[in-house]
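Protein chains: 2
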Amino acid sequence: MAKKKNAFYAQSGGVTAVINASACGVIETARKHGDVIGKVYAGRNGIIGALTEDLIDTSKESDEAIAALRSTPSGAFGSCRYKLKSLEANKREYERLIEVFKAHNIGYFFYNGGGDSADTCFKVSQLSEAMGYPIQAIHVPKTVDNDLPITDCCPGFGSVAKYIAVSTLEASFDVRSMAKTSTKVFVIEVMGRHAGWIAAAGGLVAEQGIPVVILFPEIEFDQTAFLAKVDDNVKKHGYCTVVVSEGCHYPDGKFLAEQGTRDAFGHAQLGGAAPVVANMIKDALGHKFHWAVADYLQRAARHIASKTDVKQAYELGKAAVELAVKGRNSVMPTIVRVSDEPYKYKIGVADLKDVANVEKFMPRDFISKDGFGITEKCRKYLTGLIQGEDYPKYANGLPVYVTLKNVAVPKKLAEFKL
Amino acid sequence: MAKKKNAFYAQSGGVTAVINASACGVIETARKHGDVIGKVYAGRNGIIGALTEDLIDTSKESDEAIAALRSTPSGAFGSCRYKLKSLEANKREYERLIEVFKAHNIGYFFYNGGGDSADTCFKVSQLSEAMGYPIQAIHVPKTVDNDLPITDCCPGFGSVAKYIAVSTLEASFDVRSMAKTSTKVFVIEVMGRHAGWIAAAGGLVAEQGIPVVILFPEIEFDQTAFLAKVDDNVKKHGYCTVVVSEGCHYPDGKFLAEQGTRDAFGHAQLGGAAPVVANMIKDALGHKFHWAVADYLQRAARHIASKTDVKQAYELGKAAVELAVKGRNSVMPTIVRVSDEPYKYKIGVADLKDVANVEKFMPRDFISKDGFGITEKCRKYLTGLIQGEDYPKYANGLPVYVTLKNVAVPKKLAEFKL
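Line by line, the protein sequences give chains B and U.
FYI, the numbering used here numbers position 235 of the first sequence as 235, with every residue one higher than the one before it.
FYI, the numbering used here numbers position 50 of the second sequence as 1050, with every residue one higher than the one before it.
Worth flagging that the hints you see were computed from the coordinates, not collected in a lab.
What you are looking at is a predicted structure, and each value in this text was computed from that prediction instead of being measured.
It is possible that part of the hints are untrue.
[What the hints assert, rightly or not] If we take Cβ atoms under 7 Å as the criterion, some of the chain U residues that face chain B in the derived model are:
id	residue
1	C1080
2	L1087
3	E1129
4	P1134
5	H1249
6	D1252
7	H1287
8	L1297
9	K1353
10	N1357
[Claimed, not checked] Taking CB as the label site, the calculated pair distances span:
id	chain 1	residue 1	chain 2	residue 2	range
11	B	N406	U	Y1391	31 to 37 Å
12	B	D283	U	Q1208	40 to 46 Å
13	U	R1337	B	Q208	56 to 62 Å
14	U	A1228	B	R92	48 to 54 Å
15	U	K1254	B	K282	19 to 25 Å
16	U	P1342	B	N105	35 to 41 Å
[As the list claims (entries may be wrong)] Which bits of chain B does chain U cover? Going by a derived footprint, with three or more residues having C-beta under 8 Å, they are:
id	region
17	222-235
18	249-256
Idealized CB from N, CA, C, for every residue including glycine.
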């Protein structure tokens, strides 16, 4: 029993259409390594589940339920936005983690998240050296923002890219139909924080002859050049599609969405970047517009997930467990691109110290010279990631997504106040 | 030649994911009736194409291209928002229509649209009696708002209902994952104008245990009751989903989206109903929120179209041509529901005079007593309409949607100023 340790798995940060596919990969692979890995305990709501000893016993879930995670969006065990402070600043939390790990014989720590979560995982991976508790911490990458370094892409991104490319294509066909007497400009706002990867996906529709203008966070917003570009498109094509990243900002750093408007009660204005851009066009050029803010719809859209993305999410969960079985600590499995067309990749490994707290932005040569489109290099990069469809099963017109039983592991310790 | 007449077909009003499936039904069926129907001329941008003699010769399109319309969203020939005045008020336009019809030997008029378009089609159908030109005008129903009378449902609605139900389900799973430390309320704004049919589709997720609050245009907005309902859901479930119809309004008729806010230049505020509702919740209950405005994404979402809806759209286009071949005028083929579970329907016929300018709202017994949900009767009504998936083909990660050649018919007449 001493050698066989249980595993802790948790989901962190914003969830995605495929983070549960990684969970599926972790749990199914751990079940195959029953000789060295005991049970997989999932943290209810990420690292908070570990701190509060709120653990879910995944062994209570059937093989069928775990398999169904592969086609279920969101975080099946709950996620959290909670960043551990440094060991020096908050030793109490780390001591508590060790207390919980000891109480439940946990020797493997799998953390499934983005940049902030990689930092948490890295800190936990240092516990062996710093505090003498033997733990192997492996990070499973996940972020729709696609902004983790080293790995070629991040699970979650391929599916949101596919969703945005498909939605932008469909809405562009719509505005093209309406442009003669009605709407001439359609604006869609997309996620991505400080990185323009998701916005870039909207640029894939240009291949089909659609006039699309992209506003990247990486390019300082130039209102005059932007309006001239939209005007030119409407004159040439009769309509124009605009994809605006939530992180798009003026040279002084002010986001487009921050207009400083107030309602009667003094509350800040309510809209996002899309209505701001749409109204800017209306004021300057007089065109009728429509705008959409996809928000959660884009990152939850399992119904149109990229098959490549689902596969990679699963494989990285699987690889994380295999790295643990091989005795590795403080690492993250990665996607290594082998070729663009046809798209081929293999699984690699990165040291967590090189991953934590590094953001990867769009390279300048992925963005066209005028700053409003994507280059051929970017198109090649993106196209591989949206290959294939991986439809969920449907019953009665709706997708069949699983909700787990999430049975709690009996607590052994005193309560811990966060 | 005298007996064999050409047909005019046009798309009108807001386009949908399946209006081209109706076009496909019209054109394929007309091609089968070559003995009585000559060519199908499509109006470029709806009725405007007829007035300006801007006709598209669909006989220049291959059978494959026409078949591909079935899985292509938007309006392949362009649509318009243009309502003919009454015969008394604008005789000039009707005389021009007759002039164009005569010049191109057009004896059949197929108009594909919603309530306003049914009115246009009705007026054209009166030309035989009123102005002595023999024309058979048949309306092909289409509207995502589902607000046409007599027909059990309208093509376009089933697909948008499916999109909204799926998206609401997926986003609800997302917010449920995040609720512990982050977002607790998700608000999605949907279309539908003065009718709550699309909003009702969001209510289908309640079957899966999701706490959802719907704001219908048919129910006057009661802020106190609404906030109490959201508060109750968050206390019980930890999170809450809100579906708000763009037509939702206060008792005095003011829409939720009209907040009277102004920016520095005095422009009206930019947001829709979703950010207004989200901020209202934040101010009263303090919950972190996310909001989405689906806008065109919902009505263009051919990638997740309802198979039932696609089939009905095609069949109604086909039925319109068959009615014309039988000599009918001033009618609209309809969907007649035969049973709920399993969902069965047949094709019927309505007189256009009973359809034009009548809006069908949600019956009160489709809305729950408290006004925030749907009843079992409504669930049964909606469930039939979202049955089945009808995926488009994909190439290189994106759907393959057709863009027709749209070859113009040579003009024979002098220019006409609109």
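The hints, checked one at a time:
Taking 7 Å as the C-beta cut-off, the interface hint given for U/C1080 holds, the closest approach to chain B being about 4 Å. Look at U/L1087: its Cβ only gets to about 22 Å from chain B, farther than 7 Å, so that hint breaks. At its closest, the beta carbon of U/E1129 sits 29 Å from a beta carbon of chain B; the interface hint therefore is violated under the 7 Å criterion. Checking U/P1134 against chain B by beta carbon gives a least distance of about 29 Å; that is not within 7 Å, so the hint is violated.
Of the supplied interface hints, the one on U/H1249 is violated, with its beta-carbon coming no nearer than about 17 Å to a beta-carbon of chain B, more than 7 Å. About 16 Å separates the beta-carbon of U/D1252 from the nearest beta-carbon of chain B, more than 7 Å, and the hint is not met. A least Cβ separation of about 14 Å between U/H1287 and chain B goes past the 7 Å threshold, and the interface hint is therefore violated. Proximity of U/L1297 to chain B holds as hinted, the smallest CB-CB distance being about 5 Å (cut-off 7 Å).
Violation of the interface hint for U/K1353 is found here, the shortest Cβ-Cβ separation to chain B being roughly 26 Å, above the 7 Å cut-off. Nearest Cβ of chain B to the Cβ of U/N1357: about 20 Å, over the 7 Å cut. The hint is violated. The hinted range of 31 to 37 Å is satisfied by B/N406 and U/Y1391, whose Cβ atoms lie roughly 32 Å apart. At roughly 43 Å, the beta-carbon separation of B/D283 and U/Q1208 lies within the given 40 to 46 Å, and the hint holds.
Restraint check, U/R1337 to B/Q208: a C-beta distance of roughly 38 Å breaks the suggested window 56 to 62 Å. Here the CB-CB span from U/A1228 to B/R92 is close to 40 Å, at odds with the stated 48 to 54 Å. Taken as a hint, the range 19 to 25 Å holds for the pair U/K1254 and B/K282, whose Cβ atoms sit roughly 22 Å apart. Distance hint check: the CB atoms of U/P1342 and B/N105 are about 52 Å apart, inconsistent with the given range 35 to 41 Å.
Counting residues of the region 222-235 of chain B whose CB lies closer than 8 Å to any CB of chain U gives 0, which falls below the minimum of 3, so the coverage claim is violated. With a threshold of 8 Å between beta carbons, the proposed coverage of the region 249-256 of chain B by chain U is violated, since 0 of its residues qualify and at least three are required.
In summary, the structure is inconsistent with hints 2, 3, 4, 5, 6, 7, 9, 10, 13, 14, 16, 17 and 18 from the numbered list given earlier, while agreeing with the others.
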